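Q: Using the sequences and the hints, build the whole thing.
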Amino acid sequence: MTAIMTDKQKNQSKLKRQIKEHLIAYSFILPNLLGFAIFTLIPIGFSLALAFMHWDGANRVGWAGLENFQRLMDDETFWIALKNTLIYVAGTVPLTLIASLGLALLLNQPLVGRNIFRTIFFFPYVASLVAVAVVWNLLFFPSAGPVNEFLRAIGVMNPPRWAASVDWALPTVIMASIWKGMGYYMVIYLAALQGIPGILYEAADIDGANAWQKFRYITVPMLTPATFFISVMLTISSFKVFDLIMVMTGGGPGRATNVLVIHTYNTAFRQFEFGYSSAIAMVLFALVLGITIVQFYMERRWVNYM
Amino acid sequence: MTVSARPDNLKWDDSKSEEKKNRFKLSPGKILTYALLIALSIFMLLPFFWMLSASLKLDKDVFVFPIQWIPSDPQWSNYQTIWTQIPFLTFFYNTTKLTVIITILQLATSSFAAYAFAKLQFKGRDFLFLAYIGSIAIPWQVYMVPQFIMMRRMDLVDTHLSLILLQAFSAFGVFLMRQFFISIPDEILDAARIDGMSEYGIYFRIMLPLSKPALATLTIFTAVFVWNDFMGPLIYLNSQELKTIQLGLRLFIQQYSADYALIMAAALVSLIPVIVLFLAFQRFFVEGIGTTGLKG
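First to last, the sequence lines map onto chains A and B. According to our numbering, the first sequence holds residues 1 to 306 in order. According to our numbering, the second sequence holds residues 1 to 296 in order.
Quick caveat, the hints were computed from the structure, so don't treat them as lab data. Hints may contain errors.
What the hints assert, rightly or not - Straight-line alpha carbon distances no greater than 25 Å define the calculated BS3-like cross-link-like pairs of lysine-lysine that follow: (1) B:K123 to A:K8; (2) B:K123 to A:K16; (3) B:K212 to B:K97.
Given the structure is predicted, the values throughout are model-derived calculations rather than measurements.
A: See the structure below:
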């Protein structure tokens with residue numbers, strides 16, 4: 001009779017099995033979770049606290065309350081950086097979207113050498129920023145760079161001084177970022193285009209739709225999930241812009257390309273005001289979070305899921 | 001947003017056979033498309049051509065206009081000089097070391113964790129996964145300062161270990177692998193379980209072999225990221241002998257700000273490993289974006 005288990009024994013063995021399953025699952029997660037929790041999650045929590053502290057990295061930490069945030073109000077550089085960041089985002093996001101969609105539409109046709117074109121457009125995305133930035137700076141070198149020499153040759157007497165001019169530095173950086181990023185988003189659009197069932201176009205053909213109508217009433221709505229995804233990703237990454245500006249202009253000339261992350265970096269690692277720098281980072285975070293939430297809220301209105 | 005793994009979504013050569021026939025048909029529209037694509041390609045590649053051409057010139061000839069695309073007297077010696085001007089070889093070694101170690105750790109730990117997230121049941125799974133996803137949306141710059149302070153406390157600033165620890169456990173890797181694992185049917189795993197295979201056995205002998213495209217994608221994403229990373233090394237590495245190629249390139253630009261030809265040669269050399277990696281794995285790279293991307 002020992003072979004038949006009582007209910008209690010059954011429950012016990014079930015519990016044992018469950019515990020074992022859990023332990024196995026945790027053993028899979030643990031190596032990554034340990035590193036992720038220590039080096040990402042804890043610092044995220046810590047940065048929230050730091051925004052309310054004074055700290056120069058050497059002396060004792062002091063409670064600051066809202067002082068860091070009050071200081072933001074009078075920090076002229078902060079407002080310039082905020083404005084520059086918003087201009088950068090407003091310039092980069094729509095233009096990259098349009099450029100990548102245009103490229104994807106061009107490449108989504110039966111063409112010879114399509115793969116080669118795709119590779120070419122994608123390549124700037126994987127090229128290192130430092131290398132790309134230095135080439136751009138030389139190409140757009142105000143006095144003798146090839147771009148301005150070309151402009152002079154075709155009759156533009158006073159070509160812009162590009163990255164060296166207060167007015168043109170930000171547009172120059174925006175152009176470079178579009179050139180570098182559009183290939184990546186093009187690939188996402190291409191994947192989405194390939195996911196549109198051909199039958200929709202066939203049905204439209206039967207109904208006598210022209211090319212524009214097919215684009216407007218089939219392609220565009222079918223692409224809205226991709227457009228949504230890309231605009232969220234692009235917005236987040238544009239708010240985070242740092243490397244490109246750091247190597248192209250260093251935030252200058254003057255403060256012409258000083259964006260929030262550059263300001264955060266300078267405050268922390270040049271002036272050693274870690275608390276204040278965290279407060280600036282918090283503003284950046286709040287902005288990104290706010291805009292992402294708005295984007296997700298608007299999603300229902302215009303994004304079309306099959 | 002429906003995010004799903006679709007390994008078949010985007011093949012490198014994704015043309016249907018009917019399309020293949022259409023490829024060679026020429027119409028006015030087609031000709032216009034080709035013209036546009038070729039013009040755009042030239043625009044995209046121009047900076048790289050110019051880089052190559054400038055790197056083979058004398059400094060005084062770099063800005064000669066009209067541009068001499070093929071230098072009449074190529075200065076191959078520029079490519080020798082850069083290695084002696086600055087410890088380029090050390091920078092290369094450091095970057096390679098970081099890239100290899102971080103990529104291997106990233107692949108191992110994130111695919112391991114992704115298996116549990118995708119295929120195992122346990123308490124707190126959804127909550128933990130949400131924390132992972134949430135952290136992707138938070139700009140790194142928001143917490144880079146606390147990270148730095150922590151690393152300083154651990155006495156790890158100015159070591160390679162600091163960068164390895166920071167970059168080897170990314171949420172992105174877990175997310176990418178999970179999306180792929182989810183698309184593998186549970187029936188295969190259940191069959192293996194009935195045959196008495198342990199979860200570890202399933203992971204090593206079923207999941208990993210089936211996930212080569214995703215693993216390749218993560219490899220390339222991580223390797224390219226680490227190779228090109230500028231801000232991490234900028235913050236954490238101060239000693240000359242620890243610096244990476246991107247920092248070295250920046251240093252070079254600052255020190256030899258007028259030696260345009262040498263700068264271009266150095267920049268080009270720093271791109272070569274990425275070019276090689278990219279061309280070798282481009283198929284996976286593009287597929288991988290489709291895989292982790294979205295479903296229309």
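Q: Taking the hints in turn, state whether each one holds.
A: Hint check:
{"no.": "1", "hint": "B:K123 to A:K8", "in the structure": "holds, 23 Å"}
{"no.": "2", "hint": "B:K123 to A:K16", "in the structure": "holds, 15 Å"}
{"no.": "3", "hint": "B:K212 to B:K97", "in the structure": "holds, 23 Å"}
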